[in-house]
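Engineer: The chain contents come next:
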Amino acid sequence: MAKRRKPKARPPSRRPVLVPRHRAAGRATEPLDLNRCERFLLHEARLLDDGKFDDWLALFTPDAWYWVPSEPDQDNPHDTVSLIYDDRRLLETRVRRLASPRIYSQEPRSRTSRIVSNVSIEDSGNNACTVRSKFLMIEYRRDSQRLFAGTAFHRLVQVDGGIFIASKRVNLVNCDAPLDGIVVPF
Amino acid sequence: MSNIDAELARLIAPGRVHRRLYTDPAIFELEMERIFDAAWVYVGHESQIKKPGDYFATRMGRKPVVLVRDEEGKVRVIRNQCAHRGAMVVATDKGNAAEFTCCYHGWTYHLDGRVKAVPLNHGYPQGFDPKDPKIGMLPVPRVKSYRGFIFASGASDGPSLEDSLGHMTTSLDDMVDRAPDGEIEVAGGVFKHAYDGNWKVYFENLCDAAHPLFTHRSSIDAALAQSDDVHSDGSGEIAIRQMRQNAAPYSFWETQVGIWTYPNGHSYLGDYHDDSKLVAALKDPVFRQYIAALERKKGKEEAKRILEVRRWNSNIYPNVSLMSQFQQLRVVYPIAANRTVVHAYSFRLKGAPDQMLRNAVSFANVVNGTGSLVLTDDLEIYNRLDMGMSSEGCEWLQIGRGYQSDVPDAHGGRRGKNSTSEVYIRNMLDAWLGLMTKGQAAPVRAAS
Numbered sequence: 001m002a003k004r005r006k007p008k009a010r011p012p013s014r015r016p017v018l019v020p021r022h023r024a025a026g027r028a029t030e031p032l033d034l035n036r037c038e039r040f041l042l043h044e045a046r047l048l049d050d051g052k053f054d055d056w057l058a059l060f061t062p063d064a065w066y067w068v069p070s071e072p073d074q075d076n077p078h079d080t081v082s083l084i085y086d087d088r089r090l091l092e093t094r095v096r097r098l099a100s101p102r103i104y105s106q107e108p109r110s111r112t113s114r115i116v117s118n119v120s121i122e123d124s125g126n127n128a129c130t131v132r133s134k135f136l137m138i139e140y141r142r143d144s145q146r147l148f149a150g151t152a153f154h155r156l157v158q159v160d161g162g163i164f165i166a167s168k169r170v171n172l173v174n175c176d177a178p179l180d181g182i183v184v185p186f
Numbered sequence: 001m002s003n004i005d006a007e008l009a010r011l012i013a014p015g016r017v018h019r020r021l022y023t024d025p026a027i028f029e030l031e032m033e034r035i036f037d038a039a040w041v042y043v044g045h046e047s048q049i050k051k052p053g054d055y056f057a058t059r060m061g062r063k064p065v066v067l068v069r070d071e072e073g074k075v076r077v078i079r080n081q082c083a084h085r086g087a088m089v090v091a092t093d094k095g096n097a098a099e100f101t102c103c104y105h106g107w108t109y110h111l112d113g114r115v116k117a118v119p120l121n122h123g124y125p126q127g128f129d130p131k132d133p134k135i136g137m138l139p140v141p142r143v144k145s146y147r148g149f150i151f152a153s154g155a156s157d158g159p160s161l162e163d164s165l166g167h168m169t170t171s172l173d174d175m176v177d178r179a180p181d182g183e184i185e186v187a188g189g190v191f192k193h194a195y196d197g198n199w200k201v202y203f204e205n206l207c208d209a210a211h212p213l214f215t216h217r218s219s220i221d222a223a224l225a226q227s228d229d230v231h232s233d234g235s236g237e238i239a240i241r242q243m244r245q246n247a248a249p250y251s252f253w254e255t256q257v258g259i260w261t262y263p264n265g266h267s268y269l270g271d272y273h274d275d276s277k278l279v280a281a282l283k284d285p286v287f288r289q290y291i292a293a294l295e296r297k298k299g300k301e302e303a304k305r306i307l308e309v310r311r312w313n314s315n316i317y318p319n320v321s322l323m324s325q326f327q328q329l330r331v332v333y334p335i336a337a338n339r340t341v342v343h344a345y346s347f348r349l350k351g352a353p354d355q356m357l358r359n360a361v362s363f364a365n366v367v368n369g370t371g372s373l374v375l376t377d378d379l380e381i382y383n384r385l386d387m388g389m390s391s392e393g394c395e396w397l398q399i400g401r402g403y404q405s406d407v408p409d410a411h412g413g414r415r416g417k418n419s420t421s422e423v424y425i426r427n428m429l430d431a432w433l434g435l436m437t438k439g440q441a442a443p444v445r446a447a448s
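Just so you know, the sequences run in chain order A and B.
If you count the first sequence from 1, position 113 lands on 113 in the working numbering, and the numbers rise without skipping.
If you count the second sequence from 1, position 153 lands on 153 in the working numbering, and the numbers rise without skipping.
Since the hints were made in silico from the structure, they are not lab data.
Treat the hints with care, as some may be off.
[Said to hold, decoys possible] The calculated label-pair distances, taken between Cβ atoms and stated as ranges, are: (1) A/GLY125 x B/ASP284: 46 to 54 Å; (2) B/ILE4 x A/SER113: 45 to 53 Å; (3) B/ALA225 x A/ASP50: 39 to 47 Å.
[To be verified] Under the rule of at most 35 Å between Cα atoms (straight-line distance), these lysine-lysine pairs were calculated in the DSBU-like manner: (4) B/LYS74 x B/LYS51; (5) B/LYS74 x B/LYS283; (6) B/LYS74 x A/LYS134; (7) B/LYS50 x B/LYS298; (8) B/LYS144 x B/LYS74; (9) B/LYS192 x B/LYS63; (10) A/LYS134 x B/LYS192; (11) A/LYS52 x B/LYS192; (12) B/LYS74 x B/LYS94.
[What the hints assert, rightly or not] Beyond 10 Å from chain A on every Cβ pair, some chain B residues (computed): (13) VAL341; (14) ARG358; (15) LEU375.
We put the beta carbon where it would ideally sit given N, CA and C, even for glycine.
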């Protein structure tokens, strides 16, 4: 590990509010339609690409889970291992670790670029819906690039006009391939 | 001693090893022949091929093989190569078959690898005989199972599996004895990780008690700062508890934990994680239920003996590592001098509560998971080792910690004064040199 210089004090953030835009924009009466869901997914992808993992974590409900199965068509995260299976407590730990200066697997940091597309609503009702989307993610780190692709299923719920993730399942097309470590979430 | 043997012997010295062992492609090629095609290597578990016709396609070193149970129920390991043009015959990971058929020209094989039928048989020269035992999906010369763990050796003769395992049979016993019904089976899927580095560094790290506090600092800090009031379905709790255990200070490793090594490169870390500190803590209702089942089937005294075997990773050289308390097994597949793949399996303890497998799965996710908060930093180390070692400069690597304080052990091995001794690396390197020079070099060099 290289010793780091103490970072210079940064000017205060220009962001006027900490409330994510999707949340401020919503109103309780507005339905969770395709347009809002799609905008939400793009917002989430942008937070991840920008490395704003705390803000990303804030999108999840207090009892949310995040899951990347190790097998295609994996039935559940309890009886079979998963590339990632985080209940809310572990997800918080994961995000906190990402900010650690001693996370050697992120020295140097990855840069990612995501495309989210083919968004559809699978089922909806009662201020909640399941959204299916396709994604491509390029991860660049230390002279090499990896390409991940797959299908994401977000269970979205609307609370006080804001959209939150109750669960997220990411099916990688190569989930059962031999892979080097996965540190940046999908 | 041949020139090559002498050259290999010069790469290992007391407490030191030359970086070429981990980076030289020519040495790697020799390892494939003299270690992975000669020593007893782990191939698979009997529960992966329960019924006649069940097969499991895997590799011994780099060579594709098929582990299969034949019509008579006998376990076979045959080369996954067609005798005709050399194509890989079995292309699915696992399944059940009455025979194997090559997709190129339709040669078919019995489950034991003998040729069954050759299309256009009449077209071959007179001397061609498909019944010739040299023609077929050739059997690996020796296959032996120890309590369900199947090993094979590419050498027709040599020490028996039991002799080769020596005292390490007790670690295999430990895996099986923990099942109330006396049987375990592969369950819960498999992790496959890959890194750009040598296979030996993975094996060496499994007994490295001096690295967690430093390498895993990011997950230790994150886990220590985690509030326990936040929702968990139980799996995150297991993960976080494991990460916190990595915070054990050096003094813990130097006073509470031991490292044992045995002939042929084997080793284990011991006295670690007593069950009261483990995730499956004694007061945990599932674990208590499990203990009750174990006592019912085996008696109180035997159950106590079984649970008091407290080994962390048991490493059977050259390619398999066991962790009995959470029913884990890892197999190392060398791909190139600078490329390795590891498969990590979990086991179900028959007769134990279902939740025990779920706990093993949660544990696997944090310790062996591709996206684990812990393993990802280990993988980074393996990659960096190769990035550093593969260039000239630091020619001799230091593996001497504990060199002067290691002591003989009652079962014919050597143990460190405590777990931070690097005796396990020295022991593996001595086994390495023995195999690589077919015993021609002095048997003990790296260790004292």
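Engineer: Please go over all the hints and tell whether each is borne out by the structure.
Structural biologist: Structure-based check of all given hints:
1. A/GLY125 x B/ASP284: 46 to 54 Å: Cβ of A/GLY125 to Cβ of B/ASP284: about 39 Å, so the range 46 to 54 Å is violated.
2. B/ILE4 x A/SER113: 45 to 53 Å: holds, 49 Å
3. B/ALA225 x A/ASP50: 39 to 47 Å: With Cβ atoms ~23 Å apart, the hint is violated.
4. B/LYS74 x B/LYS51: Given pair B/LYS74, B/LYS51 holds - Cα atoms ~10 Å apart, limit 35 Å.
5. B/LYS74 x B/LYS283: Between B/LYS74 and B/LYS283 the Cα gap is close to 43 Å, so the pair fails against 35 Å, i.e. violated.
6. B/LYS74 x A/LYS134: Roughly 47 Å between the alpha carbons, so the hint for B/LYS74 and A/LYS134 is violated.
7. B/LYS50 x B/LYS298: holds, 25 Å
8. B/LYS144 x B/LYS74: holds, 11 Å
9. B/LYS192 x B/LYS63: The given pair, whose Cα atoms are some 18 Å apart, holds under the 35 Å limit.
10. A/LYS134 x B/LYS192: holds, 24 Å
11. A/LYS52 x B/LYS192: holds, 29 Å
12. B/LYS74 x B/LYS94: Judged against 35 Å, a Cα distance of about 17 Å means the pair holds.
13. VAL341: B/VAL341 not clear of chain A: closest Cβ-Cβ about 5 Å, inside 10 Å.
14. ARG358: Answer for B/ARG358: violated, closest chain A Cβ roughly 5 Å.
15. LEU375: Given a closest Cβ separation of 7 Å, the condition is violated.
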